[in-house]
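Dock chain B against the given chain A, drawing on the hints supplied.
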Amino acid sequence: MQTANRKPLRMAKREALYGYLFISPWLIGFILFTIGPMLASLYFSFTDYDVVNPPTWVGLANYEKIFSGIPDAIRTQSSEPLGDPLFWKSLQVTLYFAMMALPLGLIVSFVLAILLNQKIPGVNLWRTIYFLPSVIAGVAVTILWVRIFNPRIGILNSILDIFGINGPGWLTSPDWAVPALVIMSLWAIGGGMIIYLAGLQGVPTDLYDAAKVDGANLFQRFRNITLPMMTPVIFYELVLSLIATFQYFTEAYVASNGTGGPVRSTLFYNLYLYQNAFKYFDMGYASSMAWILFIVVLVLTILVFRSSQYWVFYEGQLRGRK
Amino acid sequence: MASQPSMKMNEASRSSHQNFFQKLAYGIKGQELILKSITTFILACGAVLILTPFLYMISTSLKDQSQIRSDPLSFIPRRPTSVEINGKQEPLYEVNLDGEVKEMALIKKLPEKMGQFVDPANPNQVFELLIADQKPIYHLEIHWENYPEALTSVPFDRYLINTLLVVFLSMTGMLTSCTLVAYGFSRFRAPGLNILFLVMLSTIMLPSQVRLIPIYVMFQKIGWVDTLLPLIIPAFFANPYDVFLLRQFFMTIPLELDDASKIDGCNPLQTLLYVVLPQARPAIVAIAIFHFLFAWNDFYEPLIFLHSRENWTLAVGLQTFDALYTVNTHLIMAASLVMIIPPVLIFFFSQRIFTQGVVFSGIKG
Chain A
-4 MQTANRKPLR MAKREALYGY LFISPWLIGF ILFTIGPMLA SLYFSFTDYD VVNPPTWVGL
56 ANYEKIFSGI PDAIRTQSSE PLGDPLFWKS LQVTLYFAMM ALPLGLIVSF VLAILLNQKI
116 PGVNLWRTIY FLPSVIAGVA VTILWVRIFN PRIGILNSIL DIFGINGPGW LTSPDWAVPA
176 LVIMSLWAIG GGMIIYLAGL QGVPTDLYDA AKVDGANLFQ RFRNITLPMM TPVIFYELVL
236 SLIATFQYFT EAYVASNGTG GPVRSTLFYN LYLYQNAFKY FDMGYASSMA WILFIVVLVL
296 TILVFRSSQY WVFYEGQLRG RK
Chain B
105 MASQPSMKMN EASRSSHQNF FQKLAYGIKG QELILKSITT FILACGAVLI LTPFLYMIST
165 SLKDQSQIRS DPLSFIPRRP TSVEINGKQE PLYEVNLDGE VKEMALIKKL PEKMGQFVDP
225 ANPNQVFELL IADQKPIYHL EIHWENYPEA LTSVPFDRYL INTLLVVFLS MTGMLTSCTL
285 VAYGFSRFRA PGLNILFLVM LSTIMLPSQV RLIPIYVMFQ KIGWVDTLLP LIIPAFFANP
345 YDVFLLRQFF MTIPLELDDA SKIDGCNPLQ TLLYVVLPQA RPAIVAIAIF HFLFAWNDFY
405 EPLIFLHSRE NWTLAVGLQT FDALYTVNTH LIMAASLVMI IPPVLIFFFS QRIFTQGVVF
465 SGIKG
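Chains as they are written, first to last, in the working numbering: chain A, -4 to 317; chain B, 105 to 469.
Isolated chain B, as found in the complex:
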């Protein structure tokens, strides 16, 4: 009996608690909306920072040198419009004359930031106005010819062929060897195989410099330096990253299917080709894409192994082009832009596989 009032009190306090929680919940909702807006705002600002260099690259590749120098901040390739006054080219301005907007030419700069403006139709009547108050008139001037000029000034076609040869031949070797090795590590029991797998994993951390010099000497001795072979042949001996990724994927494919194919009389190679591989397509596509991007962008090894100009890949060719034509910013930007187009396209078309694959393997672009 005595407990009843206290129970009531409890109830009362509970309902007030409920109220409190409801209020809190609404508060949280409002808070979340604000947080989301702030998040979007920060992300948008960051995105501008990320994209500005690309815009700069595109606009610079369409300007000529004087536009780059005089108008570096404009993302639109433009030039001040001028008009002929008394046999001289004078810049044209949008002039505000007592509320009336007129196009006028600046014919002379005066002290204290003033200038003499004239109407091209009536060049004898001179107005003295503050230059900063008038708006210069621009017109578009896009230099599409930068692209053919940049791409023909050094043999980029030759570099492209070399790059494609390296990319696709090494990709063939990498895919073949990695599939075989990953299959070996995922499906067979043999003494020492697990230890070898760990050894292979530990080589992922190995800095390549510690083996590169003797490899260079070796290729030098057999006459492969300054050919594309050092960039292609090692890919036929599997790459620990890709083997690891494929092996993890193979482990998720049920063994029952293997057994079924064995009963059907398939040998292990046939099982790999007809049973395992068709199911591993996402993983194969992922490592193929990674390989494309890696080989396309690779600079270190082509720089070391390729000496003569006709053997260069795009990365080495572009760097040398940059060093030779330093002052021709517009041409260099045009060539650089062409070089990043294939990776960007591949990224956009395979984005999903891409981000998943990065997460899965930890390979960074």
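Okay, chain A solo, but in the shape it has when bound:
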């Protein structure tokens, strides 16, 4: 009896051992490259640290520097800035971009997905074309768009010129730099579009058939079937895009050659963080910015998840009600 009991126990132990053995690459990496560095960066955020000299404890000074900048950001262009107005500038640039790029991206990619979900000839070709830009996103594409936006010899203003429109300075103008980046981001929305397309294909067709029999028109079918069935996907996309916006970097860096210009109009949060860390080697301050970013992303994620119960419709809820 005892041996019979012990044997499964030994097997269970063996299984557990194997399990831990197999996941050990991730577990070691998690300690080395995630938890360890996260704690270290939390510590750095309370220090003054330039990599060369050992960190010196400064308490809340880094955070004070950030938050004492608030009144200046509101007063705009005061003569003697307290704290760090650039931090608030970078937050403002990021939110400004998000306020345009997120809703526009959502609408455009959702509409595209609906169009690409129709039974029309050559639909695969269209899907390929629309998805293509998102595959090559990065330095090369940004360089290309910098040329397109060139106010003098770029193709965009040359086309606008035909219609008698005097095009703006785009990336060379403080007012138009962020809208230019939004246009660029709209060009590469293939990733979101494909996810919406998959969601649309998951909507059961018998729902549409039933609605047609009931005489629902196109708009009614969209409003009462497509939209509610798609809210989980929209919600998921929204969370991902929001987090991605706070980490927007390559395009802003390449378009402004790392400066965040003109006149800091493209000084995105992540770009300013990079400048502090790897240009000025102010690792303590950059770490506190990183932790604020982390908390912002965390809060946003939780908020969107919490609010989702009010507007996200899951199919299971309908079944539950029956």
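No wet-lab data here; the hints were simulated from the structure. Among the hints, a few may not be true.
[Stated by the list, open to error] One side of the interface only, derived from the structure: several residues of chain A facing chain B at Cβ under 10 Å: (1) W83; (2) I102; (3) L120.
[To be verified] List time: in silico PhoX-like cross-link candidates among lysine-lysine, alpha-carbon distance up to 20 Å: (4) K8/A - K325/B; (5) K192/B - K213/B; (6) K325/B - K274/A; (7) K239/B - K206/B; (8) K114/A - K207/A; (9) K140/B - K207/A; (10) K274/A - K60/A; (11) K239/B - K213/B; (12) K207/A - K84/A; (13) K60/A - K84/A; (14) K366/B - K325/B; (15) K114/A - K366/B.
Every value quoted in this text rests on a predicted model; they were computed, and no experiment measured them. All C-beta atoms in this analysis are idealised placements derived from N, C-alpha and C, irrespective of residue type, glycine included.
For chain B alone, kept in the frame of chain A given last:
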């Protein structure tokens, strides 16, 4: 008895209803045809918008600077044809003279948009014509030499070798570690394993900035900054996205096969290698492709970790090339075009896996 007439009426109204529905159905068909045409039209317009930047890139890469400046809207690299008149080069126009089309040179611009045109064969006879009415003659002028010039003006061969080293070594590490970890999470029961899986999933949302600075300091202390190692070694410790994708795929592979191999005396590693992996090929190929695209395009980490020129990857090299040679748009477009060719090719050849994989994992290109 009394109900009969009403039944008849019902029948009559039903047949009229049927008629109504038939009409409606035809109406819907017509409506759908119109909708499909509109859809195709909108998609075609959008496709033009999507493809124009690519065309612009290709055409600009084959022009020289004066062509870019003087003729920005032409997608064909061309130059106005000119002819020598009295020792001077004058632009050639297709001139319409009383219904007869002739090639003539514009020798002098006059006020009110008029110009003096002459026939090159008979330069003494001058015609005064409205310039806007005549068609300038162009000839093709393609600057293929932009490509060798762009690719040799900075050591792109060195950048390419570095990029390939990073891409394929990190891919090896990522595939090995992710397979092991995904297998661990999908096949073994152990206390805490499920919680660890949730912990791993939650790190997908983690912004990398919150750990990057200490990682940089760590690599700095062990002398790895300005080598390719920081871009390769972390890949050997699995990536939560790819582990999740693989683990979901492994879950769909029937456990009976595992049991059979166990009875045949395979240890878990052998079961993974000979039973699970061969069936997981689509998922492995998908994450390998994602990794290639990610590592090929990655700019942030190479920018942070690689300082000296000979260690740069293509992304960093191209950005610096752009900053240094800003005025040479043609060379920069040529280099950029070369850089996007591999991802585009991979996309076209693996499109199916690609779109399915994107949907499955939610990773955006």
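Hints, verified against the model:
no. : hint            : verdict
1   : W83             : violated, 18 Å
2   : I102            : violated, 13 Å
3   : L120            : holds, 8 Å
4   : K8/A - K325/B   : violated, 39 Å
5   : K192/B - K213/B : holds, 15 Å
6   : K325/B - K274/A : holds, 18 Å
7   : K239/B - K206/B : holds, 11 Å
8   : K114/A - K207/A : holds, 17 Å
9   : K140/B - K207/A : holds, 18 Å
10  : K274/A - K60/A  : holds, 19 Å
11  : K239/B - K213/B : holds, 15 Å
12  : K207/A - K84/A  : violated, 52 Å
13  : K60/A - K84/A   : holds, 14 Å
14  : K366/B - K325/B : violated, 46 Å
15  : K114/A - K366/B : violated, 48 Å
Consistency note: the structure conflicts with the earlier hints numbered 1, 2, 4, 12, 14 and 15.
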